[in-house]
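These protein sequence lines map, in sequence, to chains L and R. Residues 1 to 156, numbered by the UniProt record's numbering, are exactly what the first sequence covers, in order. Residues 1 to 156, numbered by the UniProt record's numbering, are exactly what the second sequence covers, in order.
Simulated from the structure, these hints should not be mistaken for lab results. Heads up, a few of these hints could be off.
If several chains are the same, the list does not tell them apart, and a pair holds so long as it fits within one copy or across any two.
Stated by the list, open to error - Pairs of lysine-lysine, BS3-like flavour, derived with a Cα cap of 27 Å:
(1) K29 x K87
(2) K118 x K62
(3) K147 x K118
(4) K29 x K147
(5) K29 x K118
(6) K11 x K62
(7) K118 x K87
(8) K43 x K87
(9) K43 x K29
(10) K118 x K43
(11) K29 x K62
(12) K11 x K118
(13) K147 x K62
(14) K43 x K62
(15) K29 x K11
There are 2 protein chains.
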Amino acid sequence: MNLDIDRIDRKILRELQDDGRIANVDLAKRIGLSPTACLERVKRLTRDGYILGYGARLNPEKLSAGLLVFVEVLLDRTTPEVFERFKLAVTDRPEVQECHLVAGGFDYLVKARVRDMKAYRDFLAGTLLSLPGVRETHTYAVMEEVKESGTIHIPP
Amino acid sequence: MNLDIDRIDRKILRELQDDGRIANVDLAKRIGLSPTACLERVKRLTRDGYILGYGARLNPEKLSAGLLVFVEVLLDRTTPEVFERFKLAVTDRPEVQECHLVAGGFDYLVKARVRDMKAYRDFLAGTLLSLPGVRETHTYAVMEEVKESGTIHIPP
DNA sequence: CATATGGCCGGATTTTATGCGGATTTATGT
DNA sequence: ACATAAATCCGCATAAAATCCGGCCATATG
């Protein structure tokens, strides 16, 4: 499956996932290659879709997004339009970080970051509950973020 | 609250969150500042803890992590050691991307990426269920990732 | 009013990215 | 096995970017 990339490629991906702004010279030094060869590999990994992009990791606490909540949403299984409508609404709400269609007891699992409980109430009432077809929601406020790596494990 | 950063700082943060590898020269051009002044601000934002780091966004599908699952975990409320043990175990399992202590019907919400259902069964039985004090788990496999931005909204 | 402070700019210097040619290895087909 | 093609590597040269430094201007401060 992913055997078109070798041990060196995986090392590059691990390094870049950990520090996306590392200079190519330093990256090359770490993995034991010349800068040219290293850059060549990074370009190939990008072209082949292994690397999707780069981003800064920001501090939610300092940016008025200190409250993390998960919301389970159950829809009325009436029309596909209800699902479509929900997806669209959730997509352009900036406080929604993730939204997944899941198999199991409910339909959608939403992960959102808001300023505080008041902001969450506004989000719940103003966005989620005002959508047509939303039958039921369960909210889980996060008390402690035990782990938030977001990294994908790359076997050696 | 966060009014020690101005409109320009927020613009910088937005840009860097979207493209963490943008050259400082280009970033400066976008926000309408000289490269020197721009770099100064980025350094300050980093020093003051707004920017925590940088990372490459990798493609899970191509890296043997195509199955995303959420697991609700309910613990026996016996000892703090049980909680501590659970946190430690979850922290060093590489397939676990996130783990949150939540308020509500269960204790921990775990987000993990694994190769496939077989890998998930191994993870569930070999890691989660073999921990002491785990009373109950509910698994939700993700069928469709509607949104996975991971970005924090920064108001203008 | 004089001075200090902070933020910005432009130019000089160091560091990095990138393009190119050639050598070596690996894969492929006969 | 052999020849050819493709991939990968390196070192060097050049273009581009990061970083340092001095000076300018605005705002605050005594």
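Hint check results:
In this assembly of identical chains, K29 and K87 lie within 27 Å of each other by CA distance neither inside one copy nor across copies; the values are 45 Å within and 35 Å between. In this assembly of identical chains, the alpha carbons of K118 and K62 lie at most 27 Å apart only when taken from the same copy (18 Å versus 40 Å across copies). When the C-alpha separation of K147 and K118 is checked against a cutoff of 27 Å, the pair qualifies both within a copy, at 25 Å, and between copies, at 24 Å. Taking CA atoms no more than 27 Å apart as the test, K29 paired with K147 passes in neither setting, with 30 Å inside one copy and 36 Å between copies.
Within a single copy, K29 and K118 get their C-alpha atoms no closer than 50 Å, and across copies no closer than 38 Å, so neither meets the 27 Å cut-off. In this assembly of identical chains, K11 and K62 lie within 27 Å of each other by CA distance solely across copies; the values are 15 Å between and 32 Å within a copy. In this homomeric assembly, K118 and K87 come within 27 Å of each other (Cα to Cα) only inside a single copy, at 24 Å, whereas the closest approach across copies is 29 Å. In this homomeric assembly, K43 and K87 never come within 27 Å of each other (Cα to Cα): the closest approach is 33 Å inside a single copy and 38 Å across copies.
With identical chains, the CA atoms of K43 and K29 are at most 27 Å apart both within one copy (17 Å) and between copies (25 Å). For the identical chains of this complex, K118 and K43 are neighbours neither inside a copy (45 Å) nor across copies (33 Å), given an alpha-carbon limit of 27 Å. For the identical chains of this complex, K29 and K62 are inter-copy neighbours only, at 26 Å across copies versus 35 Å inside a copy, given an alpha-carbon limit of 27 Å. For a Cα distance limit of 27 Å, the shortest separation of K11 from K118 across copies, 26 Å, qualifies, whereas the shortest one inside one copy, 44 Å, does not.
Both within a single protomer and between protomers do K147 and K62 lie at most 27 Å apart by alpha-carbon distance, with minima of 19 Å and 24 Å respectively. With identical chains, the CA atoms of K43 and K62 are at most 27 Å apart between copies only, with a shortest distance of 16 Å across copies and 34 Å within one. Taking the closest pair of Cα atoms, K29 and K11 come within 27 Å of each other only inside a single copy of the chain (12 Å); across copies the shortest separation is 33 Å, beyond that limit.
Going down the numbered hints, you'll see the structure goes against 1, 4, 5, 8 and 10, while the others check out.
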